[in-house]
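Engineer: Spelled out from the first residue to the last, the chains are:
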Amino acid sequence: MSHAITTAHPIETDSRPEVSAEEWKRVRRLCALATGAGAAAFCLLGLLLWMMNGIDAPKQLFVSYLVGFNYWLGCALGGLVFLMLQYVTGGAWGILLRRIFEASASTLVPLAILIVPLIFGLSFVYEYGQWTPKPTEPKLASKAVWLSAPAVALKAAIFFACWNGLAYWFRRWSRQQDEGTGVGTLDRCESLGAPGILIYALTVTFASIDWVMSLQPEWYSTIFPVMYAVGQLLNGYAFALVVFLLLSNRPPFAGAIHPAHMRDFGSLLLAFVMFWAYMSFSQFLLVWVGNLKEEIPWYLLRARGGWEFVIIFIAIFHFAVPFLLLMLRDVKEHRRRLLAVAIGLLMMRFLDLFWWIEPSLNHHGQYFYWMLDVSAWVAIGGSFLWWFTGTLSNRPLLPLKDPNLAEALRDE
Amino acid sequence: MENNPGLYGLLAEFENPKALLQAARSVHEAGYTRIDAYSPFPIEGLSDAMGFRRTRMPLLILIGGVTGALCGFGLQYYCAVLSYPINVAGRPLNSWPSWIPVTFEMTILLASLTAVFGLLALCGLPMPYHPLFNVPRFSRATRDGFFLCIESLDPRFERTATRDFLAGLNPREVLEVPQ
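Chains A and B, in that order, are what the protein sequence lines are. All residue numbers for the first sequence refer to our numbering, where the first residue is 1 and numbers rise by one. All residue numbers for the second sequence refer to our numbering, where the first residue is 1 and numbers rise by one.
Heads up, some of the hints might be wrong.
Cβ-to-Cβ under 8 Å is the rule here; a few derived chain A residues that face chain B [claimed, not checked]:
no., residue
1, 281
2, 284
3, 285
4, 288
5, 289
Which residues of chain B face chain A? A partial, calculated answer using Cβ under 10 Å [to be verified]:
no., residue
6, 44
7, 45
8, 48
9, 53
10, 58
11, 62
12, 89
13, 90
14, 91
Residues of chain A placed beyond 12 Å of chain B at every Cβ, according to the derived structure [to be verified]:
no., residue
15, 138
16, 156
17, 300
18, 314
Derived by calculation from the structure, the hints in this document are not laboratory data. These numbers come from a predicted model, not from an experiment. Every residue gets a Cβ at the ideal spot worked out from N, C-alpha and C, and that includes glycine.
Kindly generate the complete structure, drawing on both the sequences and the hints.
Structural biologist: The following block contains the structure:
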């Protein structure tokens, strides 16, 4: 066809001026407002639902908080892993998104503070989350110690120390690269990337067991940590992509992005949608076929009492629809369409986590508790985004001193 | 269209991939449609530059994939439900979750086979004879030669004008390709 778009022309011609300090300030004010409003809604709704005898307080409050916390932790850790991944693999997509991944990873600092309320709630939320290990039958004794509140708190401290350490060093070296004060900073980042990914794989395995899987302590699944980690990767990447696409019609991105970049971004999102579906289905298939009494209750709880519609909704909108859309060039190459798919996936991540966590609680037929989950999500998200935008606006949006930047922006 | 008996087209050779890419862009912008480029390795953006954008391949591969999915699922459904229904540990005869892996594999298999053979078919391969083989230099397209050919069947093709146009694109040389 003769009217084809060629790679000679960058996408998006309606470029607007660079994001000003004033605009960043306005966005950050909005984030602070969201935190306050979310927290207020969370407290008021919690009080209201508790007085109406509608919820299992305080357990429900902590579980709702856990959903929101896991969501934004996924954004942050997904960003950290992609930051390491792009140092290890290279490629234009990674350089364009690097600052966004760095800013996502920097939010592990406030998240380390935001987990503290959960530590106090351990004994309410988890059967074994007592401060002195609960006496139990000998078979489960080791589990009771491993999942007791002091052990979980100590492990959480170690996990956050590892993650924040990684995030700190990557940001320190890239800052040195910007300022031209470090020697071999890129080499250092590349050498830390691979062991960093290993550290993440180990820590996230134990974190997912402590924080999510042990909500039903008798249940176990070896795929679950992978499923949890893939959820985080999808969450972190979709979030970074949304931020990037929102900024992409402004300098320094406007005029620098070409359809080939957009296709790469879309294809990577497709890959992680498929990875997520593969893991989620694998666990379901093995548990369903095995039909063992230790394993199947997890799915029985999540497939009855209305949850069966949630499963179908997730299968369609977390997999089928984005899968088909992201195969089309017409979706990947258009900023608004790709943005819509990425935002849709971010919303589905919330529903997926909600479906993992909430059914482990007996809601006594009440269903307004989802408002608590949403307000906790807004409150934590507000502080996440406040910190994120603070880091992102602090430095140029592209790593200008990176030797591979010119290669990443070339148009042919 | 002029009548050019015995002439397949005009072949221009370029120094490097970048020159070929620029030439392809200019030729496409000049409105030529019956064109093709030849290089020893894939050059990113070359097909876009020539205006080759849409092909029938994705649709064919989709059809292949859907056929594979239906065959894979259908085979298992036929075996387990229609032909030889047996009760395995009380599971339903239509145990669809355990059929997904095979269905998935069949989807990939037929989609990729369609991709390989569809590509060969649409490219008209294998092709033992091609007029370009009449140009001795063209054998360098598999080593270090970067070529662009405008066929004489192109509606805009005029022997001298096209030759001058190609010569203006800074090629190493422009050759006539006999039929």
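Engineer: Does each hint hold? Answer for all of them.
Structural biologist: Quick rundown of the hints versus the structure:
1. 281: holds, 7 Å
2. 284: holds, 7 Å
3. 285: OK, holds: residue 285 of chain A within 8 Å of chain B, min 5 Å.
4. 288: Holds, about 5 Å.
5. 289: holds, 5 Å
6. 44: holds, 7 Å
7. 45: holds, 4 Å
8. 48: Check passed: Cβ of residue 48 of chain B comes within 5 Å of chain A, closer than 10 Å.
9. 53: holds, 4 Å
10. 58: holds, 8 Å
11. 62: holds, 8 Å
12. 89: holds, 7 Å
13. 90: holds, 8 Å
14. 91: At 8 Å from the nearest chain A Cβ, residue 91 of chain B passes the 10 Å test, so the hint holds.
15. 138: holds, 31 Å
16. 156: Label holds. Min Cβ-Cβ 35 Å, cutoff 12 Å.
17. 300: holds, 15 Å
18. 314: It holds; residue 314 of chain A is separated from chain B by about 15 Å at its closest Cβ, greater than 12 Å.
In this structure, every one of the numbered hints holds.
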